[in-house]
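Taken in sequence, the protein lines are chains A and B. Throughout, the working numbering is defined as the position within the first sequence, counted from one, plus 3. Throughout, the working numbering is defined as the position within the second sequence, counted from one, plus 3.
Incorrect hints may have been included.
Any copy will do: because identical chains look the same in the list, a pair fits if it lies in one copy or spans two.
Below, in silico cross-link-like pairs of lysine-lysine (PhoX-like), each with a Cα-Cα straight-line distance of 25 Å or less [unchecked claim]:
id, residue 1, residue 2
1, 230, 216
2, 273, 230
3, 52, 266
4, 216, 145
5, 279, 266
6, 266, 230
To be clear, the hints were calculated from the coordinates, so they are not data collected in a lab.
Listed here are the chains, written in short residue letters.
Protein chains: 2
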Amino acid sequence: MSPSSNPSVAFQGELGAFSEMAARTYFHEGVTVVPLPGFPQIFQAVENKTCTHCIVPIENSLMGSIHENYDLLLKHNLQIVGELKLRIVHNLIVNPGTRLEDIRHIFSQPPALAQCSEFIRSLGHAEAVVDYDTAGAVKRVKKTGARDIAAIASAQAAVDYDLDILREGIENNHQNFTRFLVVARQAVEVNSEDPAKTSIVFTMENVPGALFKSLGAFALRDIDLLKIESRPLDRRPWEYTFYLDFEGHLGQDRCAQAVEHLKQLVSFLKILGSYKQGETAEGKARKKRMDP
Amino acid sequence: MSPSSNPSVAFQGELGAFSEMAARTYFHEGVTVVPLPGFPQIFQAVENKTCTHCIVPIENSLMGSIHENYDLLLKHNLQIVGELKLRIVHNLIVNPGTRLEDIRHIFSQPPALAQCSEFIRSLGHAEAVVDYDTAGAVKRVKKTGARDIAAIASAQAAVDYDLDILREGIENNHQNFTRFLVVARQAVEVNSEDPAKTSIVFTMENVPGALFKSLGAFALRDIDLLKIESRPLDRRPWEYTFYLDFEGHLGQDRCAQAVEHLKQLVSFLKILGSYKQGETAEGKARKKRMDP
């Protein structure tokens, strides 16, 4: 699946973040992962050639689209070259010897704490404390060596920091998937046997029938749509931004023609990339689990 | 704006939550607000006639749609009767006499902590701690009386708990709006002079051109679309759920006809309600502010 021989992949967060798990799952062996503090930095790392790729969470099945990363895709002159849907499995990670009943503080990132709220509440004796990163929380647990604290993070984080998973899959809703995009400087050619996807963003005036006409560019060519979302823009209420994914790639005439047709109808259009449609994966980390 | 004379409005959270501020801003004087712990409970309170209305956050300009509340609108046999877009202004709320440099812990709900991350980081000496509610965090600050802690919450919460606002508008991005829906048992008649909106949810098979045909029901009648979003459904990938808002109300023939037309094209359709399009508001709370 890896489009380059020695990929170096920037991701947001610390070693052990779900994004690292996504990078390792997508690229398999031989990938170098580069943790960076923020999303802007991972795009910059690809643009300035520090890394060959970055991996970007774009949409979560419970929480919707991550608008910030759509904004970064718009800002940078990069291309989406791949996709992966990762099931988000949260784990309670502790120093060896920690017992559930002794845990007083549980550290993690706000969304992870929210997604495990039922488990935390069920303990009764543990307080949730914010960290800026799930894996950063694991790092903190490791550093203190304390046996009355825990972190919520990916199984990858337990492996990276050599700690124990005390409870696995503690998220409220197990149907929790994050879609990651793999971004690079150059567009890739999509293998003609693979199911392909193209992502675009466009803006148009808010007039009746405008969106209908736009989608006609695809419907008239029997091109299937995979995602559509209008972005609420409070600053420019007379204009709409749309995120659209459609089936196929721009190497196919009908897709290239549909985009040319759409350009005639809209005020702005940017092609974010054509790529192989991503698989849904559980994530790959060597898992450690304590006996009950 | 209030459609009933003595509205009692259920909202999720503690007194002082942004939802309370939304309820007070929408209904003006004479409203009774009823805080309840979860979103399912506020829908139930309307269904079992404990309350006349509930007020529901449905979409945030930074974070996208709140899928959980779309699910509850689908589950319950209630109607959207109104809308309000509230600008989310976060405040640092403290016990009187607290100085910025003494604050060691800042309590709030995960999204609020994330939205104020730059301010918290800029302090350097304060740790963010999760509470299950912004207003609950204010309650905690009040209860302890401590002068080394603070909460992040609405100005309404400072009023409700009679505490001081030490810093106002500490959110990273001031263009942060939450759209709230007002929900009741019965549909309301929309005043013909008012700009109206109708919200529907529908499901259809994933075949090329299906969405285009569906939107034709509106485009052929010159009905403007105000929001469209496809919901990622990992469990039923062959089917799509769409959230759609269009201009107009079902008392208008062309709107009623468009929905009848759409019903012939889709596998499932639910009308969530017709209502007056909401204003954008700053929120109304009596504000207290310390002199610098």
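Evaluation of the provided hints:
no.	hint	verdict
1	230 <-> 216	both (17 Å within a copy, 16 Å between copies)
2	273 <-> 230	both (16 Å within a copy, 21 Å between copies)
3	52 <-> 266	neither (31 Å within a copy, 52 Å between copies)
4	216 <-> 145	neither (56 Å within a copy, 56 Å between copies)
5	279 <-> 266	within (23 Å within a copy, 34 Å between copies)
6	266 <-> 230	both (19 Å within a copy, 21 Å between copies)
Violation of the numbered hints given earlier is confined to hints 3, 4; the remaining hints are satisfied by the structure.
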